[in-house]
Amino acid sequence: MFQFGSRSGLTPSFRSPPRAAPGGEEVTTEEAGVRPPHGMAPRVTVQIKDGAAVAQGAPVACLRNAPDVCFVSPMPGRVARSVLLRGHRLSEIVVFRDPGGDVVTHATDDAETEPGLRRLMQRAGFWPWIRRRPFGGMPDADERPAAIFVMATDTRPFAPDPREALAGREEAFLRGLRALSMLTAGTVFVCQLPGSRFVDGSDAKGLRVVHSGSRHPQGASGLRIHALCPAGLDSPVWDIHAEDVASLGALIETGRLPMTRLVAVEGSALRESRLVRAQVGADLRELTHRIVRPGPHALLSGSPLDGHFAHWLAPRDRQVTVLPRETPRAAPHWLVAALTRSATPKPVIPSAALDQAFGDMMPAAAFVRALGAGDDETAMKMGVLSLLEDDVALADYVLGGDAHLAELLRGLLDRIRTEFAV
Amino acid sequence: MTRGLWTRETVVIMLLAAYLQLALFWLWFGGIEEVQRFALAALILAIWQLVFLLARAQPVSLSAVITALAIAMLAPEGLGPVRLILGISFGAVMGELVFGGWGRNVVNPATVALSFLGFGFPGFAWPEILLPVAWAAIPAAAIGIATGVLPAGIIVSATLGASGAVALGVLPASALPAAGVVLVLLVADPVTSATTMLGRWLNGLLYLALVILFATGWHDAAPVQFAVAAALLTSLAAPVLDELALALWYAQRRRRHGRS
Numbered sequence: 001m002f003q004f005g006s007r008s009g010l011t012p013s014f015r016s017p018p019r020a021a022p023g024g025e026e027v028t029t030e031e032a033g034v035r036p037p038h039g040m041a042p043r044v045t046v047q048i049k050d051g052a053a054v055a056q057g058a059p060v061a062c063l064r065n066a067p068d069v070c071f072v073s074p075m076p077g078r079v080a081r082s083v084l085l086r087g088h089r090l091s092e093i094v095v096f097r098d099p100g101g102d103v104v105t106h107a108t109d110d111a112e113t114e115p116g117l118r119r120l121m122q123r124a125g126f127w128p129w130i131r132r133r134p135f136g137g138m139p140d141a142d143e144r145p146a147a148i149f150v151m152a153t154d155t156r157p158f159a160p161d162p163r164e165a166l167a168g169r170e171e172a173f174l175r176g177l178r179a180l181s182m183l184t185a186g187t188v189f190v191c192q193l194p195g196s197r198f199v200d201g202s203d204a205k206g207l208r209v210v211h212s213g214s215r216h217p218q219g220a221s222g223l224r225i226h227a228l229c230p231a232g233l234d235s236p237v238w239d240i241h242a243e244d245v246a247s248l249g250a251l252i253e254t255g256r257l258p259m260t261r262l263v264a265v266e267g268s269a270l271r272e273s274r275l276v277r278a279q280v281g282a283d284l285r286e287l288t289h290r291i292v293r294p295g296p297h298a299l300l301s302g303s304p305l306d307g308h309f310a311h312w313l314a315p316r317d318r319q320v321t322v323l324p325r326e327t328p329r330a331a332p333h334w335l336v337a338a339l340t341r342s343a344t345p346k347p348v349i350p351s352a353a354l355d356q357a358f359g360d361m362m363p364a365a366a367f368v369r370a371l372g373a374g375d376d377e378t379a380m381k382m383g384v385l386s387l388l389e390d391d392v393a394l395a396d397y398v399l400g401g402d403a404h405l406a407e408l409l410r411g412l413l414d415r416i417r418t419e420f421a422v
Numbered sequence: 001m002t003r004g005l006w007t008r009e010t011v012v013i014m015l016l017a018a019y020l021q022l023a024l025f026w027l028w029f030g031g032i033e034e035v036q037r038f039a040l041a042a043l044i045l046a047i048w049q050l051v052f053l054l055a056r057a058q059p060v061s062l063s064a065v066i067t068a069l070a071i072a073m074l075a076p077e078g079l080g081p082v083r084l085i086l087g088i089s090f091g092a093v094m095g096e097l098v099f100g101g102w103g104r105n106v107v108n109p110a111t112v113a114l115s116f117l118g119f120g121f122p123g124f125a126w127p128e129i130l131l132p133v134a135w136a137a138i139p140a141a142a143i144g145i146a147t148g149v150l151p152a153g154i155i156v157s158a159t160l161g162a163s164g165a166v167a168l169g170v171l172p173a174s175a176l177p178a179a180g181v182v183l184v185l186l187v188a189d190p191v192t193s194a195t196t197m198l199g200r201w202l203n204g205l206l207y208l209a210l211v212i213l214f215a216t217g218w219h220d221a222a223p224v225q226f227a228v229a230a231a232l233l234t235s236l237a238a239p240v241l242d243e244l245a246l247a248l249w250y251a252q253r254r255r256r257h258g259r260s
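These protein sequences, in sequence, are chains A and B.
Residue numbering for the first sequence follows my numbering, beginning at 1 and increasing consecutively.
Residue numbering for the second sequence follows my numbering, beginning at 1 and increasing consecutively.
Read the hints as simulated data drawn from the structure, not as lab findings.
Some clues are possibly wrong.
[Unchecked claim] Which stretches of chain B does chain A cover? Using the computed rule of at least three CB atoms under 8 Å from a CB of chain A, they are:
no. : segment
1   : 89–102
2   : 183–197
3   : 242–249
As the structure is a computational prediction, the values presented were derived from the model and not from experiment.
Ideal Cβ placement from N, Cα and C applies to all residues, glycine included.
Kindly produce the complete structure, drawing on both the sequences and the hints.
What follows is the structure in structure tokens.
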């Protein structure tokens with residue numbers, strides 16, 4: 001009844017200056033921050049003392065309950081400081097670059113078996129690049145997904161083209177896909193734009209190629225998962241970016257995990273945009289140095305729709321958005337504030353714009369009402385377990401930021417998680 | 001941070017732009033009485049909005065203009081100000097404001113007000129919808145559908161169904177102008193109509209079925225009268241139609257994925 005048409009979705013327009021150069025040059029920032037995926041603060045054991053030298057790919061911290069899952073240094077350098085929250089929860093570990101340092105080579109002998117591959121991915125720091133649903137964050141060390149989605153398309157505004165990121169790495173990408181198919185008994189879905197020729201269905205067992213249009217949210221992993229293989233409490237689904245799959249292929253072949261990725265630096269507070277290959281956890285200030293307009297600005301890791309204010313490029317992000325910083329508005333008159341404040345959030349009026357913000361593939365108005373009312377059961381029936389904040393970001397934007405769908409969705413997911421004690 | 005525009009008030013402004021054609025034609029062919037009625041309805045609604053703003057901190061909405069237009073166009077004639085004030089107040093308060101304002105209401109306040117006036121004071125004549133005003137409903141619907149604020153499914157299904165019904169001779173052509181204007185003004189209200197695609201098609205067809213039923217079975221009823229009654233019953237049934245569409249969708253998903 002609800003499904004993606006080739007024209008469903010929207011193309012929200014944001015301002016950004018043109019690119020000065022074709023881009024793609026490699027940039028390694030002088031500082032980098034090792035962070036857990038957004039919204040997570042896992043309990044970790046820090047492996048390296050402040051001030052000690054660390055090689056690229058060497059673990060700087062590992063999970064307390066699963067010591068194999070490591071966070072690794074994205075470049076050779078020296079650990080500047082480790083910031084832990086209460087209860088040894090990881091906030092960030094800052095690394096200073098040391099140009100002459102080493103790169104760790106992992107043993108790849110038993111990458112042909114599933115346990116060996118898992119251990120390799122976890123030890124090499126690949127695990128935080130995987131996102132699981134329901135609830136988001138990286139998967140448990142021994143979790144077996146019901147399906148894996150490889151996103152070779154990205155429809156968010158200003159997103160770098162995955163085809164460009166994969167150019168010349170097709171072989172590594174195929175190797176990565178074959179490895180992924182070992183981790184699941186289900187299907188590995190590859191979502192790509194029509195006309196892309198990365199893979200066809202015959203390349204590996206259990207592989208399925210899905211074509212999607214170019215409007216957002218057709219390339220949003222959550223809505224694809226919702227349509228093709230919904231995540232459930234006991235059937236988690238993973239999603240990985242295609243570029244990371246190519247890096248996995250390289251890791252299996254060489255024992256070294258490539259740490260750079262294609263990153264688009266865009267936004268209306270820039271003088272010119274850039275496209276660079278930067279390392280994971282790159283320093284956003286250095287990436288935007290000398291190209292920002294004068295005046296206060298805000299740095300976001302992620303797209304203008306779903307980005308977060310950040311200092312470091314988040315583990316899965318491929319976009320940096322620079323926006324002029326909003327000057328705080330003058331407080332409204334006390335009478336106006338008293339009269340309007342209690343009636344928020346304002347109601348959402350069903351319109352074609354709202355339907356298209358969900359790609360016309362969900363009963364959008366009913367879903368937004370269920371979110372607003374905190375109706376967990378209806379939302380679960382509608383497939384809320386397949387969705388995360390990124391997937392409702394467009395609807396949030398379209399509705400003028402009044403509806404706070406991302407917060408409502410997070411609250412609802414947290415409630416479901418507590419209730420079902422996962 | 002940049003933001004999209006489809007807030008509640010943007011939808012109201014788009015609806016007003018669509019209904020402007022209807023309002024202009026109606027005023028052009030009407031007289032000073034029509035203007036007075038519209039001004040009275042708008043004034044009463046504004047006062048009630050102010051009362052709820054002060055008492056319950058409910059933000060005011062321009063949607064009151066649309067409600068005032070619908071009531072002024074379709075209310076029985078010669079009621080006098082007291083009855084009109086009573087009916088409009090009942091419709092605005094019980095139909096919309098007690099639920100939390102426009103966007104949270106279950107039935108269209110104009111439909112409630114008109115039904116109240118019709119059932120409460122049965123002796124008064126219902127207005128006749130002139131043909132040029134009815135024609136103006138077509139551009140209104142077109143603008144509403146193009147901007148996405150009027151549900152296309154309802155209007156298209158009711159129109160297709162009506163042309164079939166007129167061709168078969170089930171629906172008298174004299175009922176069409178009133179039914180058309182009520183369809184655009186009251187039934188296709190984005191808040192109180194069905195929100196799923198299938199629900200919208202059923203919503204349009206249910207309205208048509210009720211209009212046919214009343215046109216053939218309700219003796220001495222004016223076209224506007226039975227169209228408004230059909231609109232009231234349709235908007236009460238809209239949530240059921242949505243539930244029906246959702247139940248089908250859940251079943252389809254369960255069959256396809258083994259879970260919802």
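These are the hints, each one checked on the structure:
no.: 1; hint: 89–102; result: holds (count 3)
no.: 2; hint: 183–197; result: holds (count 5)
no.: 3; hint: 242–249; result: holds (count 5)
The structure is consistent with each of the numbered hints, conforming to all of them.
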